[in-house]
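Residue numbers (our numbering), protein chains in the order written: chain A, 1 to 456; chain B, 1 to 230.
It is worth saying that the hints were derived from the structure and are not from the lab. Treat the hints with care, as some may be off.
Below, a list of computed lysine to any residue pairs in the SDA-like style, where the Cα atoms sit at most 20 Å apart [claimed, not checked]:
{"#": "1", "chain 1": "B", "residue 1": "K208", "chain 2": "A", "residue 2": "E323"}
{"#": "2", "chain 1": "A", "residue 1": "K232", "chain 2": "B", "residue 2": "L182"}
{"#": "3", "chain 1": "B", "residue 1": "K173", "chain 2": "B", "residue 2": "G223"}
{"#": "4", "chain 1": "B", "residue 1": "K17", "chain 2": "A", "residue 2": "S30"}
{"#": "5", "chain 1": "B", "residue 1": "K17", "chain 2": "A", "residue 2": "K232"}
{"#": "6", "chain 1": "A", "residue 1": "K232", "chain 2": "B", "residue 2": "K173"}
{"#": "7", "chain 1": "A", "residue 1": "K345", "chain 2": "B", "residue 2": "K173"}
{"#": "8", "chain 1": "B", "residue 1": "K17", "chain 2": "A", "residue 2": "L256"}
{"#": "9", "chain 1": "B", "residue 1": "K77", "chain 2": "B", "residue 2": "A111"}
{"#": "10", "chain 1": "A", "residue 1": "K345", "chain 2": "B", "residue 2": "K77"}
{"#": "11", "chain 1": "A", "residue 1": "K345", "chain 2": "B", "residue 2": "D192"}
{"#": "12", "chain 1": "B", "residue 1": "K17", "chain 2": "A", "residue 2": "V253"}
{"#": "13", "chain 1": "B", "residue 1": "K17", "chain 2": "A", "residue 2": "E323"}
{"#": "14", "chain 1": "B", "residue 1": "K17", "chain 2": "A", "residue 2": "L242"}
{"#": "15", "chain 1": "A", "residue 1": "K345", "chain 2": "B", "residue 2": "G223"}
{"#": "16", "chain 1": "A", "residue 1": "K345", "chain 2": "A", "residue 2": "L433"}
{"#": "17", "chain 1": "A", "residue 1": "K232", "chain 2": "B", "residue 2": "G223"}
{"#": "18", "chain 1": "B", "residue 1": "K17", "chain 2": "A", "residue 2": "L433"}
{"#": "19", "chain 1": "A", "residue 1": "K345", "chain 2": "B", "residue 2": "K17"}
{"#": "20", "chain 1": "A", "residue 1": "K345", "chain 2": "B", "residue 2": "M48"}
{"#": "21", "chain 1": "A", "residue 1": "K345", "chain 2": "B", "residue 2": "A185"}
{"#": "22", "chain 1": "B", "residue 1": "K17", "chain 2": "A", "residue 2": "I249"}
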Amino acid sequence: MPARALELLGSTPVRQALGIVALVAVVSVSTTGIAYLRLRDGLEETILTSLDQSAASFSTARTAEDLRRQVAAEAAVADPELRVVVLIGADGSMTGNAIAELGNGRPELRPASEGRPLADHGYEIRVLKDERGTLVLGESREGIGEMGEVFAFLIGLSLVPTLILALAAGLLVAARSARRVVRIEETLARLTQGDLQARVADVSGHRDDLSRIAAGLDRMAQAQEQSVAALKQVSADIAHDLKTPVQRIAVLVAELRDRAVDGSPEADLADQAIAEADRAVGVFQSLLQIAQIEAGSPRSRFRTVDLSEIVATFADIYGPAAEDSGHSLRVDPLPQKPVPVRGDKDLLGQVVANLIENSLRHTPAGTTVRLSLTQNAGGVVLSVSDTGPGVPEAERSLVLRRLYRLERSRTTPGNGLGLAFVAAVADLHDARLDLADANPGLTVTLTFAPSSSPPT
Amino acid sequence: MSHWSTAMKLLLIEDDKTIADYVLGGLRQEGHVVDHVTDGREAMSQAMSGPYDVLIVDRMLPGLDGLSLVRALRAAKVLTPAIFLTALGGVDDRIEGLQAGGDDYLVKPFAFGELSARIGALSRRPVQQSAETVLAAGDLRMDLIGRKVTRDGIEIDLLPREFALLEHLMRRKGRVQTRTMLLEAVWDISFDPQTNVVETHISRLRAKVDRPFDRELIRTVRGSGYKIEG
Numbered sequence: 001m002p003a004r005a006l007e008l009l010g011s012t013p014v015r016q017a018l019g020i021v022a023l024v025a026v027v028s029v030s031t032t033g034i035a036y037l038r039l040r041d042g043l044e045e046t047i048l049t050s051l052d053q054s055a056a057s058f059s060t061a062r063t064a065e066d067l068r069r070q071v072a073a074e075a076a077v078a079d080p081e082l083r084v085v086v087l088i089g090a091d092g093s094m095t096g097n098a099i100a101e102l103g104n105g106r107p108e109l110r111p112a113s114e115g116r117p118l119a120d121h122g123y124e125i126r127v128l129k130d131e132r133g134t135l136v137l138g139e140s141r142e143g144i145g146e147m148g149e150v151f152a153f154l155i156g157l158s159l160v161p162t163l164i165l166a167l168a169a170g171l172l173v174a175a176r177s178a179r180r181v182v183r184i185e186e187t188l189a190r191l192t193q194g195d196l197q198a199r200v201a202d203v204s205g206h207r208d209d210l211s212r213i214a215a216g217l218d219r220m221a222q223a224q225e226q227s228v229a230a231l232k233q234v235s236a237d238i239a240h241d242l243k244t245p246v247q248r249i250a251v252l253v254a255e256l257r258d259r260a261v262d263g264s265p266e267a268d269l270a271d272q273a274i275a276e277a278d279r280a281v282g283v284f285q286s287l288l289q290i291a292q293i294e295a296g297s298p299r300s301r302f303r304t305v306d307l308s309e310i311v312a313t314f315a316d317i318y319g320p321a322a323e324d325s326g327h328s329l330r331v332d333p334l335p336q337k338p339v340p341v342r343g344d345k346d347l348l349g350q351v352v353a354n355l356i357e358n359s360l361r362h363t364p365a366g367t368t369v370r371l372s373l374t375q376n377a378g379g380v381v382l383s384v385s386d387t388g389p390g391v392p393e394a395e396r397s398l399v400l401r402r403l404y405r406l407e408r409s410r411t412t413p414g415n416g417l418g419l420a421f422v423a424a425v426a427d428l429h430d431a432r433l434d435l436a437d438a439n440p441g442l443t444v445t446l447t448f449a450p451s452s453s454p455p456t
Numbered sequence: 001m002s003h004w005s006t007a008m009k010l011l012l013i014e015d016d017k018t019i020a021d022y023v024l025g026g027l028r029q030e031g032h033v034v035d036h037v038t039d040g041r042e043a044m045s046q047a048m049s050g051p052y053d054v055l056i057v058d059r060m061l062p063g064l065d066g067l068s069l070v071r072a073l074r075a076a077k078v079l080t081p082a083i084f085l086t087a088l089g090g091v092d093d094r095i096e097g098l099q100a101g102g103d104d105y106l107v108k109p110f111a112f113g114e115l116s117a118r119i120g121a122l123s124r125r126p127v128q129q130s131a132e133t134v135l136a137a138g139d140l141r142m143d144l145i146g147r148k149v150t151r152d153g154i155e156i157d158l159l160p161r162e163f164a165l166l167e168h169l170m171r172r173k174g175r176v177q178t179r180t181m182l183l184e185a186v187w188d189i190s191f192d193p194q195t196n197v198v199e200t201h202i203s204r205l206r207a208k209v210d211r212p213f214d215r216e217l218i219r220t221v222r223g224s225g226y227k228i229e230g
């Protein structure tokens, strides 16, 4: 797994190990470097002294011929890798153990023959010029060069094992903590997904920063699970303790209804009572559902769902109902291919249903309700808009609250929970919910971030 | 009046007396034989001993809760269809119920008609098999291959969704289908919208299938739903 390896290299212990290696390198290079420079200065001085001495020895020759002989004798014995001596006579003749070409400045040296190579590291050169000719003396810097190699080797010798040891130690520590870090990361991911039973349960036995983080995370998850469980318990209690009596009422009224003659005022009253009981239960039901959604638990059931299919289905379901109430329900051309998002199909369907119902209910006959679904780089955008009276800007955030109703909607059916439900589901799906002016009318837009739309 | 041609043997597991009496009364009036227990443990042995057509299980029971009861029955290879009655109506609760091995899930308060229709759907009476290519109800014929509907020889032009709705009703000829059952079967949605969407679709279908003819085939069953007559 190259990704895993990269992650390991980027981990804190490895970074720290590499930091230590860098520090050791700086110290080692600077101390060794200073020693090298001092030794080199000493060697250079020796070379220069030696040059001075040989220059002095040649100055004893009296004639040009004497000098040439002396140079020839010296050249015969001197190894050009160590010392170069060349005389270029006034007539241009060359004597010596190498070939020197005089340029404008420093003479260029070349080997005199195959068998007599020159030094690799260059020479300290002295050029003496008088009427007898030009004497070129060179003293090899071989010693300095070799010393440099020795010092470089020394630096390497001290650094490479340090590097290997430090990196190995860093990787070992990282690998040991990596498993624990991965566990922590996985636990966080599962908790975020709504799996409230996820725990790190660190049993490494270490008492370090990671074990403290793990323990803290577990405590937090425990607290969250308990509060969700408490909420569930309350929900279940409400459901049971309130809905059961309502069911009993409904049962009793239904029996009453059975005894009444169809079409009689008694039957009519009984029917109304049953409808009211249904409405009361509808409100409990919606409140409980919103609470469950806000607790985040449905996230563990997320699948890839096709929003395009959901929009088409609900446009189809509501088409005749819209027509009957004098509305016109239109769907803008849907994308040709599926529009996948990660989510809960039932909840998303209910959102589309709520938005359509909201528009049908709060706008007069003759209003057009338009559904649209588009997909672009910014994500998936689902919108339901109408040409009705709209929602005043100041009240747009209020209508998302539970049980809030606009003044003019007091008399229309609905329990004031439709948009609160939409807001809770949007939040659960990390989708942005916007209410805007449709000039005239209301546009409700849900924007699903691209991350929540899986690749097709 | 009974929705069934044959009586069924049912087991009701419900501890609330008012609701139990109501359900028992209704089911017995329809001609079924119904046993009733109020405790989960008792229900376990009862369900394992006798052959029942359908189990009606309250989720919150003393002794052993309904979810664990059905799970235990399934583990013991008792595959009798079970419908849960429950006050818990969250999405999670519904899925939990189905995962435990329940076949259907009815949230309280429910109308008796809804329960009755759903028990009928669970009773494993064969629906008209998909192998058939022509469905019939009275003088109404549906050609599943040619996607053609005729009544009394006159072709009726239906939209695809109207066709699906009619097909669902015709396959279950004589059996009541509630609004929520139709929503689940035809549109695959498991919640009940507040607007009367099913009624509007049925009325569109009726306008084409029934209105031009003298006999009404698609019948409304008060408090329950719809059925198509044979």
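A quick look at each hint next to the structure:
At most 20 Å may separate the alpha-carbon atoms for a hinted pair to count; K208(B) and E323(A) meet this at roughly 17 Å. For the hint pairing K232(A) with L182(B), the CA-to-CA distance comes to about 30 Å; that exceeds 20 Å, so the pair is violated. At most 20 Å may separate the alpha-carbon atoms for a hinted pair to count; K173(B) and G223(B) meet this at roughly 19 Å. The suggested pairing of K17(B) with S30(A) is violated, with an alpha-carbon distance near 93 Å, which exceeds 20 Å.
A hinted pair counts as satisfied when its Cα atoms are at most 20 Å apart, and K17(B) with K232(A) does not qualify at roughly 26 Å. For the hint linking K232(A) to K173(B), the alpha-carbon distance of about 42 Å lies beyond 20 Å, and the restraint is violated. The hinted pair formed by K345(A) and K173(B) fails the criterion: a straight-line CA distance of about 31 Å is larger than 20 Å. Between K17(B) and L256(A) the CA atoms are separated by roughly 17 Å; this keeps the pair inside 20 Å, and the hint holds.
Between the alpha carbons of K77(B) and A111(B) the distance comes to roughly 31 Å, so the proposed pair goes past 20 Å and is violated. Between K345(A) and K77(B) the CA atoms are separated by roughly 32 Å; this puts the pair beyond 20 Å, and the hint is violated. For the suggested pair K345(A) and D192(B), the alpha carbons sit about 15 Å apart, so the restraint of at most 20 Å is met. As the CA atoms of K17(B) and V253(A) are separated by approximately 16 Å, the hinted pair is consistent with the 20 Å bound.
A C-alpha spacing of about 45 Å is found between K17(B) and E323(A), which places the hinted pair above 20 Å, so the restraint is violated. Proposed proximity of K17(B) and L242(A) is supported: the alpha carbons are some 16 Å apart, at most 20 Å. With a CA separation close to 29 Å, the supplied pair K345(A) and G223(B) exceeds the 20 Å bound. For the suggested pair K345(A) and L433(A), the alpha carbons sit about 18 Å apart, so the restraint of at most 20 Å is met.
Distance hint between K232(A) and G223(B) is unfulfilled; the C-alpha atoms sit about 32 Å from each other, more than 20 Å. A hinted pair counts as satisfied when its Cα atoms are at most 20 Å apart, and K17(B) with L433(A) does not qualify at roughly 46 Å. Among the hinted pairs, K345(A) with K17(B) is inconsistent with the structure: their alpha-carbon atoms are about 37 Å apart, more than 20 Å. At roughly 36 Å between alpha-carbon atoms, K345(A) and M48(B) are farther apart than 20 Å, so this suggested pair is violated.
A distance of roughly 16 Å separates the Cα atoms of K345(A) and A185(B); the hinted pair therefore holds under the 20 Å criterion. For the hint linking K17(B) to I249(A), the alpha-carbon distance of about 13 Å falls within 20 Å, and the restraint holds.
Going down the numbered hints, you'll see the structure goes against 2, 4, 5, 6, 7, 9, 10, 13, 15, 17, 18, 19, 20, while the others check out.
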